[in-house]
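There are 2 protein chains.
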Amino acid sequence: MTTFKEFQAKYTPIINDYLEQNLAKESDDPRFAEIMAYSVMAGGKRLRPLLFLATLDSLGKDIDQKAVQTACGIELIHTYSLIHDDLPAMDNDDYRRGKLTSHKKWGEAEAILAGDGLLPLGIQWIAEGSQSAKLVEIITKAVGPAGMVGGQYLDIDTTNNDSVDAQTIDHMEWLKTGCLILASVEMATAFAGAAQEQAAKYLDFAKDFGRGYQLYDDLVDIVETSEEAGKLTHKDQEVGKNNSLTMQGAAETRQELKDLIAKGQAALAGEKAEVLLGFLDLYQKVL
Amino acid sequence: MTTFKEFQAKYTPIINDYLEQNLAKESDDPRFAEIMAYSVMAGGKRLRPLLFLATLDSLGKDIDQKAVQTACGIELIHTYSLIHDDLPAMDNDDYRRGKLTSHKKWGEAEAILAGDGLLPLGIQWIAEGSQSAKLVEIITKAVGPAGMVGGQYLDIDTTNNDSVDAQTIDHMEWLKTGCLILASVEMATAFAGAAQEQAAKYLDFAKDFGRGYQLYDDLVDIVETSEEAGKLTHKDQEVGKNNSLTMQGAAETRQELKDLIAKGQAALAGEKAEVLLGFLDLYQKVL
Chain A
1 MTTFKEFQAK YTPIINDYLE QNLAKESDDP RFAEIMAYSV MAGGKRLRPL
51 LFLATLDSLG KDIDQKAVQT ACGIELIHTY SLIHDDLPAM DNDDYRRGKL
101 TSHKKWGEAE AILAGDGLLP LGIQWIAEGS QSAKLVEIIT KAVGPAGMVG
151 GQYLDIDTTN NDSVDAQTID HMEWLKTGCL ILASVEMATA FAGAAQEQAA
201 KYLDFAKDFG RGYQLYDDLV DIVETSEEAG KLTHKDQEVG KNNSLTMQGA
251 AETRQELKDL IAKGQAALAG EKAEVLLGFL DLYQKVL
Chain B
1 MTTFKEFQAK YTPIINDYLE QNLAKESDDP RFAEIMAYSV MAGGKRLRPL
51 LFLATLDSLG KDIDQKAVQT ACGIELIHTY SLIHDDLPAM DNDDYRRGKL
101 TSHKKWGEAE AILAGDGLLP LGIQWIAEGS QSAKLVEIIT KAVGPAGMVG
151 GQYLDIDTTN NDSVDAQTID HMEWLKTGCL ILASVEMATA FAGAAQEQAA
201 KYLDFAKDFG RGYQLYDDLV DIVETSEEAG KLTHKDQEVG KNNSLTMQGA
251 AETRQELKDL IAKGQAALAG EKAEVLLGFL DLYQKVL
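In order, the protein sequence lines correspond to chains A and B.
Numbering of the first sequence is given in the working numbering, commencing with residue 1 and proceeding in unit increments.
Numbering of the second sequence is given in the working numbering, commencing with residue 1 and proceeding in unit increments.
Note that these hints are calculated values from the structure, not bench results.
Only a predicted model underlies this, so the values are computations on that prediction, with no experimental measurement involved.
Fair warning: there could be bad hints in the mix.
Any copy will do: because identical chains look the same in the list, a pair fits if it lies in one copy or spans two.
Claimed, not checked - With a straight-line Cα cutoff of 20 Å, these simulated DMTMM-like cross-link-like pairs (lysine to aspartate or glutamate) come out: (1) K5 with E274; (2) K241 with E108; (3) K66 with E137; (4) K104 with D157.
With the hints as extra help, turn the sequences into a complete structure.
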């Protein structure tokens with residue numbers, strides 16, 4: 001039986017190698033490829049591609065080069081969202097993962113374009129890797145106006161708005177973060193050709209894990225020092241950002257996260273999903 | 001025999017209706033849908049979706065609702081590119097098609113997000129309309145780092161650079177404008193299931209028409225008054241923008257455009273492509 005740690009140790013370098021070797025090939029200009037690679041290779045956890053691959057593994061599907069390409073497409077799209085979120089007109093962040101953000105390093109136009117390049121390239125890799133219009137539908141809905149971008153719009157719309165309610169904040173956080181996590185698992189169920197009933201269990205797990213991830217991220221913001229997190233922490237409250245944690249406090253947020261872990265575990269009962277369940281251990285460090 | 005004018009008169013309102021009725025449905029937030037619709041419904045010529053549909057028509061393929069959805073996906077992607085090109089960090093344009101640009105009307109974050117929403121939604125419509133991963137590959141390559149975005153990067157990289165050569169400028173213009181025009185035709189050949197030999201003729205036409213379109217656009221910039229063009233013309237030279245016209249002069253640009261029209265007509269000799277050939281008439285007004 002493979003553990004989450006073993007799976008992570010095996011596939012993280014495979015993902016990193018694929019990204020490093022293929023990004024430059026897909027760009028017309030070497031310097032533009034370098035600008036995109038700067039953010040893609042900035043040392044992310046590769047959570048979403050690992051989630052995609054772990055779901056395939058749990059469903060008994062072999063992980064071949066096509067699966068890795070599809071997984072890496074998700075990571076490109078995630079990186080695009082980080083670059084655009086950091087822009088001066090958005091969160092105006094100078095640091096990300098301990099490095100200068102794309103616009104601080106390369107300039108604002110370059111950062112906008114790096115994101116604009118990574119998004120379609122990510123979708124291209126998903127289409128090429130999966131040869132499936134279904135997977136493209138899943139990812140584009142997840143990151144479009146009814147998903148991640150819709151959430152980012154709500155975020156800028158609710159910042160410094162005291163009258164916004166907890167439900168709106170929860171919904172915003174789901175769109176911003178949960179949708180892409182859910183899509184990573186949903187794409188894997190479609191890629192593996194899972195039957196609807198079995199797929200539904202994985203989607204339930206992904207909803208719990210995805211909602212949990214936003215709470216986790218909010219808690220990291222207050223728990224860790226800036227140095228550990230590699231970005232400016234304790235920032236959300238200063239700039240008037242509302243999130244679930246600022247709305248309901250740390251104690252209640254931790255309790256909600258514990259409940260979600262239990263629900264996520266229950267969703268996959270009876271499945272050979274040890275690796276996937278191991279993702280929930282990530283949350284222990286803020287509990 | 002349908003003429004280009006008849007085809008345009010029939011399908012332009014069909015495209016506009018589809019866009020108007022479906023944009024709001026696909027968004028989580030009504031105001032965000034309004035921001036996207038502001039630019040989408042700003043009165044474009046719908047050139048790229050019409051090209052897609054006219055190619056289907058020439059290939060004898062019926063134009064149903066799925067074809068219209070796919071065509072409209074292309075228009076969403078084109079609109080995204082205009083919104084981002086106009087941003088302060090890019091061309092910093094205040095007007096487009098006689099209206100305030102998205103960022104002047106709604107704010108910079110909103111404009112970035114409107115583009116970020118329209119791009120995946122456009123790809124979603126193409127995937128849903130065509131049910132084909134192949135079409136997704138064509139469009140994502142055309143607008144990604146080896147296509148449109150790569151061209152936009154070259155554009156900001158070569159602005160105010162006196163040492164740039166004509167070949168680089170031609171290549172940049174092809175990426176920025178030609179790639180998406182070629183993709184509109186190429187997607188139609190795949191959508192219609194055209195045989196490779198026949199498809200190749202349409203791709204040759206599209207390359208000539210696409211190269212011609214950039215020359216046409218440059219010529220419009222010097223020929224029309226600002227009022228007619230709906231944006232600030234005579235601007236390229238002022239801001240140090242290099243394009244084919246500033247490199248080779250108006251007379252040579254017009255001659256190249258005439259040659260491209262003749263080549264485009266020759267490419268489709270023997271095809272029932274009257275409607276598609278009618279697109280070339282657009283260029284007469286700058287000759």
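Hints and how they fare:
1. Within a single copy, K5 and E274 get their C-alpha atoms as close as 11 Å, which meets the 20 Å cut-off; across copies the closest is 63 Å, which misses it.
2. Taking CA atoms no more than 20 Å apart as the test, K241 paired with E108 passes between copies only; the shortest distance there is 19 Å, against 23 Å inside one copy.
3. For a Cα distance limit of 20 Å, the shortest separation of K66 from E137 qualifies both inside one copy, at 18 Å, and across copies, at 15 Å.
4. In this homomeric assembly, K104 and D157 come within 20 Å of each other (Cα to Cα) only across copies, at 17 Å, whereas the closest approach inside a single copy is 24 Å.
Going through the hint list in order, the structure satisfies each hint without exception.
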